[in-house]
Amino acid sequence: MTTIIDPKKDSKVPEGPLAEKWTNYKGNQKLVNPANKRRLDIIVVGTGLAGGAAAASLGEMGFNVMNFCIQDSPRRAHSIAAQGGINAAKNYQNDGDSVYRLFYDTIKGGDYRARESNVHRLAEVANNIIDQCVAQGVPFAREYGGLLDNRSFGGAQVSRTFYAKGQTGQQLLLGAYSSLSRQVEKGSVKLYTRYEMVDLVIIDGRARGILARNLVTGKIERFAAHAVVIATGGYGNAFFLSTNAMACNGSAAMQAYKKGAYFGNPCFAQIHPTSIPVHGEFQSKLTLMSESLRNDGRIWVPKKKEDAEAIRAGKLKPTQIKEEDRDYYLERRYPAFGNLVPRDVASRAAKERCDAGFGVNSTGLAVYLDFSSAIQRLGIDAVRARYGNLFQMYEKIVDDNPYETPMMIFPAIHYTMGGLWVDYELMTSIPGCFCIGEANFSDHGANRLGASALMQGLADGYFILPYTIQNYLADQISVPRFSTDLPEFEQTEIELDKKIAKLMNIKGKRSVDSLHKELGHIMWEYVGMARTKESLEKAIEELKKIKKEFWSNVRIPGEANSLNIELEKALRVADFIDVGMLMALDGLNRNESCGGHFREEYQTPDGETLRRDDEYSYVACWKYMGEEQEPELIKEPLDYEFVVRQQRNYKS
Amino acid sequence: MDKTINITLKVWRQRGPKERGAFESYKLDGISTDSSFLEMLDILNEKLINEGKEPVVFDHDCREGICGMCSLYVNGHPHGPDDSITTCQLHMRRFKDGETITVEPWRSAGFPVIRDLMVDRTAFDKIIQAGGYTSINVGGAQDANAILIPKEAADEAMDSASCIGCGACVAACKNGSAMLFVSAKVSQLALLPQGRAEAARRAKAMTARMDELGFGNCTNTGACEAECPKNVSISNIARLNREFLKAKFRD
Chain V
479 MTTIIDPKKD SKVPEGPLAE KWTNYKGNQK LVNPANKRRL DIIVVGTGLA
529 GGAAAASLGE MGFNVMNFCI QDSPRRAHSI AAQGGINAAK NYQNDGDSVY
579 RLFYDTIKGG DYRARESNVH RLAEVANNII DQCVAQGVPF AREYGGLLDN
629 RSFGGAQVSR TFYAKGQTGQ QLLLGAYSSL SRQVEKGSVK LYTRYEMVDL
679 VIIDGRARGI LARNLVTGKI ERFAAHAVVI ATGGYGNAFF LSTNAMACNG
729 SAAMQAYKKG AYFGNPCFAQ IHPTSIPVHG EFQSKLTLMS ESLRNDGRIW
779 VPKKKEDAEA IRAGKLKPTQ IKEEDRDYYL ERRYPAFGNL VPRDVASRAA
829 KERCDAGFGV NSTGLAVYLD FSSAIQRLGI DAVRARYGNL FQMYEKIVDD
879 NPYETPMMIF PAIHYTMGGL WVDYELMTSI PGCFCIGEAN FSDHGANRLG
929 ASALMQGLAD GYFILPYTIQ NYLADQISVP RFSTDLPEFE QTEIELDKKI
979 AKLMNIKGKR SVDSLHKELG HIMWEYVGMA RTKESLEKAI EELKKIKKEF
1029 WSNVRIPGEA NSLNIELEKA LRVADFIDVG MLMALDGLNR NESCGGHFRE
1079 EYQTPDGETL RRDDEYSYVA CWKYMGEEQE PELIKEPLDY EFVVRQQRNY
1129 KS
Chain U
84 MDKTINITLK VWRQRGPKER GAFESYKLDG ISTDSSFLEM LDILNEKLIN
134 EGKEPVVFDH DCREGICGMC SLYVNGHPHG PDDSITTCQL HMRRFKDGET
184 ITVEPWRSAG FPVIRDLMVD RTAFDKIIQA GGYTSINVGG AQDANAILIP
234 KEAADEAMDS ASCIGCGACV AACKNGSAML FVSAKVSQLA LLPQGRAEAA
284 RRAKAMTARM DELGFGNCTN TGACEAECPK NVSISNIARL NREFLKAKFR
334 D
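Going down the list, the sequences are from chains V and U.
FYI, in my numbering the residues of the first sequence are 479 to 1130.
FYI, in my numbering the residues of the second sequence are 84 to 334.
For reference, chain V alone in the conformation it holds in the complex (with noise of 0.2 Å):
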């Protein structure tokens, strides 16, 4: 018998028609009065866009906060990437935008896997995000009458993206981040930085603090806390190359899973359609070309085969082929939304080009994404106004100048959907444990909007856990600040020690790096773009094998208990393939298509998505059974009572 969750009792969430949830809620929910708040720890770990906002705002209301990040400053985080926009149903063009459209649209863009009540409670709360931002002092770009400009955004055909030329993450983040600083200088939140953290402490079944590795020292120490907030990030980096940064990491949400936090939809990730392409083995990372350019650029390859052999040989180049010899395949296919198709769409249609062999490039896997009649249009000055800092860095990399030749993009692993279970009040199946942003499964059903990531990270962070963290602490305005001599501490810094001793101590023959390339490779050849049960089963066995090897042929030069780069990459790539076995569990599981999940079997004639509603309409939770064991799979039922549940159509 599966286990079910109640959306209800265990999801906690609350009744009443989906509008007035929230407001239901907040009216309703016990608070923690001032001089409690001060007698309440909280830990919040990492400082981006949810942790940084949630930080500062815990802070200002006067709760006792330690925030941790393993960068050298909070300002870091990889938030500061995203470059497009954030979403808010502000209506400021008067194109017909409303909350609910905002909500309608970002469940269509998930793919109808998303709890209907926590995606309107997001779009409820975007509006104030932007307030909240310009009274920051955030620079969102304006137009000439000093009001906010907007642009549009995939799977939308209202504008209603906000931004700050192509570095709005990194706008809002400093903004979460001068926030955080002004509660630091209060003394409110201590910051710990170069601070990683290592396990989750569980104290009579509650989350009651954390084991941190001081990267600098390479000491472990413990933090000891009424409640524990988990916002870093999401796993990507399991696939090696993705556009995440480097140290961007799926361990603390690995740690609270082994601890008994359920594991939410692991196999949502997203492939983002517009990355530079890969070009050599040596590659660490790929760098993302944001969506925004999606609203000017066209995507294309050569209508005739022997136009793409010959471009790829160097025979030729894409601006020698005729514009009638030109195949503009998403405007083809997809005549309503055209350049603007959602992420998945997109990156799917590109992979069918590529496999069929019109891909671009001397390895075929790439197609253009071409400014041409934007600049005859709008005039080369306007186009490098919107996206000048995009092209630098594009001819920076590619060493080619894309105002002359088409830019050539790749879809690239960017950003996952799936995360920790959360509840309506986004704590874990761990009491205590919080999770936000991207670490959680939330919001993004099957598939992520863009722009609807920097709402998501600021909406968690600013507007909704600093209320519902408080029904938990209500109850806990009577418990004393734990000591972190007590033997929970103790034994869970023994068996830490134990896995570093024994990660150490395998002296081996390869580096962390060769084997999460290798890792890489498994993850995006068996399960990337496209999956079969056949691809995910290899999976499942290739990812036994690195394991073991791994386990036993990883080789960390230096010590412990000092700075180490190696050893911090070791951690993460042990728990990252843990992640991709549970990614191709969690695949192989659920047998249909939606979103960024695409089965091969499971497709419409024209090769979209095939939901298949009646079977899998749940949310799929992952349970710790131990090292040895399969994961026990339990259902949150996704009931739709507000929306009617379509195949996504994006052509008419």
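Since the hints were made in silico from the structure, they are not lab data.
Some clues are possibly wrong.
Taking beta-carbon pairs under 8 Å as the criterion, some of the chain U residues facing chain V (in silico) [what the hints assert, rightly or not]: (1) C145; (2) G148; (3) I168; (4) S218; (5) G278.
In this text, all values refer to a predicted model and were calculated from it rather than measured experimentally.
All C-beta atoms, glycine included, are put in the ideal place defined by N, C-alpha and C.
Got chain V sorted already, so can you dock chain U onto it with the hints?
This is chain U only, laid out in the frame that chain V set:
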């Protein structure tokens, strides 16, 4: 096929903040000119690990020029010889076959070395903590379109706000001054109505914190602007001076 080059690296190795450091030379053959500078260092580290040696420690993260983590002094320039980029965006096509490339950490009293090429830049966080914000709490903001901000002001604020806090300006300055960094934040907020309310207090507090932390004075050499990977303009320093003087006169 890719073009490849052979290079010699002279890399600064230093065990800890208090220990003596020295250059060590490494030869690398067959480096693809399409690889980035940091990917070349990955190759070096892979080689060192395979030889049983400890890898070169350097800061890096996003590898797309925005996080501000990478911080290498390459051939005498912060972020290397190319213009308007961070070290992670520097590519090996900028170097010649047979070239010797010198790699050092940021060198400045404000940024002590942690190990090898990794330095401690917490001083920058402390400067922001002194006043690099508007003092508003979540929940109190008015509608975002309630304040009209001329496009020119918003654009100029954006240019100042594009600072990534990498510290190249300090590393480039013979005085080890942090004026470009401080002035970029002061300017961004001084240019916007939201930031005006605290402009005077901010300019004084951030400048005082900068001085406390041991950064040098500005003598207008312009080295910071020339080396800034984000082209943050030295005119921000003029604006900081103006804001600072205005604030002082009012005292």
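| query | Which of the listed hints are not met by the structure? | reply | none
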